[in-house]
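Chains as they are written, first to last, in our numbering: chain A, 1 to 551; chain B, 1001 to 1330.
Accuracy of the hints is not assured; some may be wrong.
For lysine to any residue, the following SDA-like pairs were computed, each having C-alpha atoms within a straight-line distance of at most 25 angstroms [as the list claims (entries may be wrong)]:
(1) B:K1107 - A:M65
(2) B:K1087 - A:H246
(3) B:K1107 - A:E549
(4) A:K548 - B:K1052
(5) B:K1052 - A:K229
(6) B:K1047 - A:W141
(7) A:K423 - B:R1048
(8) A:K548 - B:K1045
(9) B:K1281 - A:E236
(10) A:K229 - B:D1269
(11) B:K1281 - A:L237
(12) B:K1107 - A:I230
(13) A:K423 - B:S1057
(14) B:K1052 - A:E549
(15) B:K1171 - A:A458
(16) A:K548 - B:S1057
Simulated from the structure, these hints should not be mistaken for lab results.
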Amino acid sequence: MTTQVATEEKNYLQEGHTLASWLLTKDHKRIAVLYLISVSFFFLVGSIAAMMVRLELTSPRGVLMSNETYNKAFTAHGAVMIFFFLLVAIPAVFGNFLIPIMIGARDLAFPRLNLLSWYFYMAGGTMFLIAMMSGGVDAGWTFYTPLSSIYSNGQITLALVAAFVSGFSSIFTGVNFIATIHKMRAPGMTWWRLPLYVWSHYAASLIIILGTPVVAITLLLVVFERVAKIGIFSPELGGDPVLFQHMFWFYSHPAVYIMVLPGMAVISEVMACFSRNKVFGYKFVALSSLGIAALGFIVWGHHMFVSSQSMYQGIVFSFTSFLVAVPSAIKVFNWSLTMYKGSVWLASPMIYALGFIGLFTVGGLTGLYLASTGTDVHVTATYFVVAHFHYVMVGGTLLAFLAALHFWWPKMFGVLYPEAIAKWNALLVFIGFNLTFLPQFVVGYLGMPRRYHYYYFAPEFQVYHVMSTLGASALAISLITPAFYLTYSLFKGPKAPPNPWAAKGLEWEACASPPIKHNFHGVPVVVGDVYDYDAEAEERALRGLPPKETH
Amino acid sequence: MNFPFAPEQASNFAVEYDTLFYIITAFTVLTTLFVFLLCLGLIIKYKRGSGKPEDRSNPMHHNTIIELSSSGGFLVIGLGIFFWGAKMYLEMRQPPENAMEINVIGKRWMWHAQHDNGVRENNELHVPVGTPVKLTMISQDVIHSFYIPQFRVQYMVVPGRYTQMWFTPTKPGKYNLFCAMHCGTQHSEMGGYVYALEPSEFAKWKESGGDRFRPKPEMPAAAGKQLYEDFMCGSCHTEQDNKRAPSLYGLFGRQRQFTDGSSMVADRDYIRQSLLAPEGKITKGYESMMQPYSFTEEQILELIEYIKTLGTPAAPAAPVTAAQNAGEQR
Chain A
1 MTTQVATEEK NYLQEGHTLA SWLLTKDHKR IAVLYLISVS FFFLVGSIAA
51 MMVRLELTSP RGVLMSNETY NKAFTAHGAV MIFFFLLVAI PAVFGNFLIP
101 IMIGARDLAF PRLNLLSWYF YMAGGTMFLI AMMSGGVDAG WTFYTPLSSI
151 YSNGQITLAL VAAFVSGFSS IFTGVNFIAT IHKMRAPGMT WWRLPLYVWS
201 HYAASLIIIL GTPVVAITLL LVVFERVAKI GIFSPELGGD PVLFQHMFWF
251 YSHPAVYIMV LPGMAVISEV MACFSRNKVF GYKFVALSSL GIAALGFIVW
301 GHHMFVSSQS MYQGIVFSFT SFLVAVPSAI KVFNWSLTMY KGSVWLASPM
351 IYALGFIGLF TVGGLTGLYL ASTGTDVHVT ATYFVVAHFH YVMVGGTLLA
401 FLAALHFWWP KMFGVLYPEA IAKWNALLVF IGFNLTFLPQ FVVGYLGMPR
451 RYHYYYFAPE FQVYHVMSTL GASALAISLI TPAFYLTYSL FKGPKAPPNP
501 WAAKGLEWEA CASPPIKHNF HGVPVVVGDV YDYDAEAEER ALRGLPPKET
551 H
Chain B
1001 MNFPFAPEQA SNFAVEYDTL FYIITAFTVL TTLFVFLLCL GLIIKYKRGS
1051 GKPEDRSNPM HHNTIIELSS SGGFLVIGLG IFFWGAKMYL EMRQPPENAM
1101 EINVIGKRWM WHAQHDNGVR ENNELHVPVG TPVKLTMISQ DVIHSFYIPQ
1151 FRVQYMVVPG RYTQMWFTPT KPGKYNLFCA MHCGTQHSEM GGYVYALEPS
1201 EFAKWKESGG DRFRPKPEMP AAAGKQLYED FMCGSCHTEQ DNKRAPSLYG
1251 LFGRQRQFTD GSSMVADRDY IRQSLLAPEG KITKGYESMM QPYSFTEEQI
1301 LELIEYIKTL GTPAAPAAPV TAAQNAGEQR
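Okay, chain B solo, but in the shape it has when bound (with noise of 0.2 angstroms):
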């Protein structure tokens, strides 16, 4: 019978990441060692009946210098693991500027990633080795979490606003990817795996569609230009600023004032917002008139890649293309 002890170190935080946890795992059996050979050596020496009444004379009722010195000093051990865990939890949580980014949907009971262009899985996901990989993640109903043991890394999906998490594959293979937030029925099915390819072989498999699901034929920049039409969304948001809408050209990645005094760079949750939910921030110098709209999770993202494409006014963009698309990701 075959006892696995460890998940394999598969990317950039793992070998890290295995490090403190095994000078946790000393610490606590060393200090568990202590205490039992403590009341083991107690328990031997005072055991009622053995050695001389006499070795009972005055008791030690308390002692402050060992009270102080053992809270002390387990708290400068737990604070050496705070420090310790702390910096790895900030580089956890700060994807490198130049990550390729994928985008993912949760939704019960599977998992929905979307490269870049248009190459669409399900309950898989495909990685090259060596690239940092930015996932930008959101659930169409309950809370999610998208593991994968061998990365050491997970985050929650959450409905209603995106998350992110990264992570540089460093070994290629096949790997779990596990759903770690209870999320009903079929929970424990809502996995599958990690493939890292060679970055060669990932640039093939990228190229050929995928091998497994027929991606959709337009890259979503692409789809998104086309739900922008369907929805006459140009009827008011047109290149320039006009009375009854701003402008969305040049919008991402811009600081955006709103009628109530509030400002926010517009980002993936604000369009989202804005999309869903209008009402709810409304640029200085408009009027409410936007209804709400239901798009799913995936022509949300969709959409966001359209508006991502639009330049500024001055300079409008050409129309999408395969080669712009994949020229803007770095």
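Okay, chain A solo, but in the shape it has when bound (with noise of 0.2 angstroms):
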């Protein structure tokens, strides 16, 4: 690979410095720090909104707020936690960043779309603002009808129209990933040469515009049915309830993988940097990637195992449902086995990633019970369910966001932070995360529904939602703390050198910290295999050993 680097020329985030050159910038760079700030603002949102409802439920009888409050709470941190934090953070802040830098291009394929989707993404978060802020929605983020549609009072159809708005930012953000995977990649970067971080990133892209157009339609077919009485799922009206699950999972449940590949995406090259090694298996784990995505598409029904559908379809859908979990596992092996024969360095992202490894792997598990029919039926609506998707969607996307932040901040913004306080951080969001969620798999199997306020039939769940939050307080204070230090850093942190890990792959090795305007001068020439790393030799020059003869 070419490693030249010309050191004092201008960056990226020094070409212009009016508030015009970032509002109107096509540079895939400057969108993604824009969705960075941006998706940093609707996680401290969904975050308060969190900790609203984790401070109510030290009570059987709660302690602030009213019943409508508390359902406006637990509605505002599911749907801004989702639709404007989890399915957008890694692929709209470090997909943009890093793709067209992996693959070697100067920019994504549509620029401007990329912008436009920074604004579409913007608009539906400030109609959902809107929507919290004037008379709120107590829906739950998953809208079933017909309590969304007839029913329920407040800004629904504004909340509805605004997750209908940022959707189709997903999808341009999708197709302009899609193309440029296709048609952009440097000579010599073969599709066997990819990143895994590339290949993830393709595969939830298929997912993003497969999926998303069916669920914009199905929130829009709500509003209809909320605004002009047209029945559709409504039995009032002539329609079909059940319907509404039908539609709604057919995309949110591949819309998991939407938020866990772009997590797998990261977790990959920080396992192979940070282990010196390449990631095992790697082909398995890229076609895995696509596996899921494919699989991802044919399990929706297992949200619906106690809903009315037939009990023959439950048993089908429970079927695929395993059937995906195989790939996932196999993920989970080959990661930890990517530290085989290697020189495991534990910084900072490295542990994050060990985070991620640990909670994916209960997160995983712990979907055996909600993927098979008759296991599903006791647990389905509960304290179970919330804890599953936390370990893997928060475990998951949140930890690979936080691994992605402190492993790319050093090309991003070139400059480096504290890193002691960064690996202690690491761990005490590992502590907090799990003080705060394996007490809910407790609660959950004695029963507590979900989206309850109160639970005074049963006061002796309290002492697990008082450890619950306790837990979720240690969590807060170690997501709050890189605010700190990263902001810190910006303003006094040491300069990055270009490539402070010694890593591979063309972002490190041909190009600056920060990266110039265009990334690269001329274009890069891929030789080399993918995750080229040399554990031996690395070992041997940190002893002063001369390198070992080829024989």
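Hints given; two lone chains; assemble the complex.
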């Protein structure tokens, strides 16, 4: 790989300092930064709602809020976190920033579309905030009919339109990624030399463009029923309420993979770099991303085992759900085995990645209870499910987001953060997370239904809620801390070299920190294999031994 | 402080459910432990700067045998769980023939149960130990979910169609009844208790007309007969088929042919639809003449109970009595 890096040239951050130079930029890296600021804001909004929910549950009769407010708080938490953080965070920030660089391109295929996607995202997000502040939404992020279409008051129409609009932002990003990966790879960047990061984002983009239109139309149909009383889902108007669940989960189960595949993308890169090793079973991991994307579309009915779909249908969906578990399980083993004969470096991104592996393992295995029809019945709408999907979506996506943030921060902004604080903080995230969500498995098995404000019918649940809220407090602290030290590093942090981790890949080896406007001087030519690490040579160099002779 | 770890086992499903639950738990814990120890071992052995550089020679970048055997092993265990879970699910979904029937109506934000002798209760359900109980459920507004954790049973209560679930209580006691599907403002308060009583006590409870709410004076079928007369259903639906309308005698559970060529068994859902939207299914040989009626879910259930008591045209049934109604329930 070519390694011509000019250090004194203007980087992308220095190309224009006006507000307009940011708001009208077509540079994928600047759009990624815009996204980073916006998703962090929405993450903060969703977290405040989560803390309100957790605080309220410390007592069986609530602490501060009315039923109505509580319902609005958990709806805000779920909807903001899913539509405006989890679905967007990794692809729109790190996918945007890194995919063109990783494949040796100057930008995404459609830079204007990329900027438009950010405006759609912001428009959707703003509408949702207005909905929250001008009456709120209490139907839950799943918007089940006929509650959402007929019975619930509040700003549901606006919230649905907000989700609809931000869905288009996802579609634009997905289209852009697919076109870019197909058409803009540098010479020598063959499919089997693509970093797994790119493979995983490719698979996620396929799901985005196949699934998002379905949920967009579904949400619009709810709006039609709500506004124009066109009977689609409400039996009073001649519709079928369970039809909504089919259409909603047809997207929303694959959406879990939209959230977690980009997370897996990050973990593959981090595990390879900090083990100084090629990802174990590279082809298997690449293909399993596509396998997950394909199988993910035929498992939606496992959300509906008790919702009056045919019992035989339920069993078929259960079977396909067990099939999709296999590629996910294998990925966990492959990441772990990447450390075999490697040179393991426990830097902060690596600690987040190891945390991801642990939490994703628990999240995946607890999915077995829910994929099996019989065992799902008792726990399906309880805190067991709440704990399960937080292990997958927070333990998966959020930890990967933090790993990515710490791994590529020097590349994105050209500064180093205080590594010691970052390491201990990564450990605190892991501990705080487990303290929050392990008790929820138990209270779910005991029968605590989700979305419950009061639980005075079963006050024995309280002890687990108190434990969970304590854990959430620790988690909150560990999530605020990076905001401080990363911001600090922007102003006071030492300057980062082009490749602080001595990592492989075009973004590290052929690109400055921060990158120049067009990423590369000329077109990079890729000659070597992907993840071309040599742990043995590095260990020899570490001890001052001469390089090993080749036999 | 008290740390309850598992809900009581109080129905026929609970023991088998927990067995499978704990097997999956053991598998989960062991696999997590395995991944944890694997990572820990690899980190210790291959930590940067530890061991000898030669330990890292000839790194393994893939191994088809490991990859295929671990996916295969995982799949086999997964399928074992799948089959066992499916077997339990099929049992849960198919009530036995001799089950005692109770109707349940969900509405924001309360549960309403109707026993076959007319006893009604709100936010409570009394059931006998040792007898299979089948609940026929419908919602008057949004989707609810009828959930009894100690019985390990749950099923959604949907507007517009009947759903059912069943269980056999095995242990006397007071258990939780929750609505598990978000249904709006007071969702978390839409609950109460299930009382499993010894059979003799249950019989006493039922005879005394329930202990908390005054029952309606008449039984569901008799109330249905009253409605049938009040709304003059009999002016068209006579004992014999006539020009205007088919007879309802012997209707329940029979195959019906429709003008569009389709056919179906006349069950609760069919009768309910025919009351609320009669133009949807027109019996073969007739024209669409009936107007839609807007009965409450309670009234519909009563009319269905009455129609069930109607015999065949050849042998018209005697007027409904308490004795007959009790006799019909096996």
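Okay, the hints, checked on the actual structure:
1. B:K1107 - A:M65: With a Cα-Cα distance of about 24 angstroms, the restraint between K1107 (chain B) and M65 (chain A) holds, given a limit of 25 angstroms.
2. B:K1087 - A:H246: At roughly 24 angstroms apart (the allowed maximum being 25 angstroms), H246 (chain A) and K1087 (chain B) satisfy the hint.
3. B:K1107 - A:E549: Given that 25 angstroms is the threshold and the Cα spacing comes to 80 angstroms, the pair is violated.
4. A:K548 - B:K1052: 13 angstroms, holds
5. B:K1052 - A:K229: 74 angstroms, violated
6. B:K1047 - A:W141: Between K1047 (chain B) and W141 (chain A) the Cα gap is close to 44 angstroms, so the pair fails against 25 angstroms, i.e. violated.
7. A:K423 - B:R1048: 16 angstroms, holds
8. A:K548 - B:K1045: Roughly 21 angstroms separates the two Cα atoms, so the pair holds.
9. B:K1281 - A:E236: OK: K1281 (chain B) and E236 (chain A) at ~17 angstroms, within 25 angstroms.
10. A:K229 - B:D1269: Holds, because 24 angstroms separates the two Cα atoms, which is no more than 25 angstroms.
11. B:K1281 - A:L237: Within the cut-off at roughly 17 angstroms; holds.
12. B:K1107 - A:I230: With Cα atoms ~23 angstroms apart, K1107 (chain B) and I230 (chain A) stay inside 25 angstroms; holds.
13. A:K423 - B:S1057: Given that 25 angstroms is the threshold and the Cα spacing comes to 29 angstroms, the pair is violated.
14. B:K1052 - A:E549: 16 angstroms, holds
15. B:K1171 - A:A458: Given pair K1171 (chain B), A458 (chain A) holds - Cα atoms ~19 angstroms apart, limit 25 angstroms.
16. A:K548 - B:S1057: 10 angstroms, holds
When the structure is compared with the earlier hints, violations turn up for hints 3, 5, 6 and 13 and for no others.
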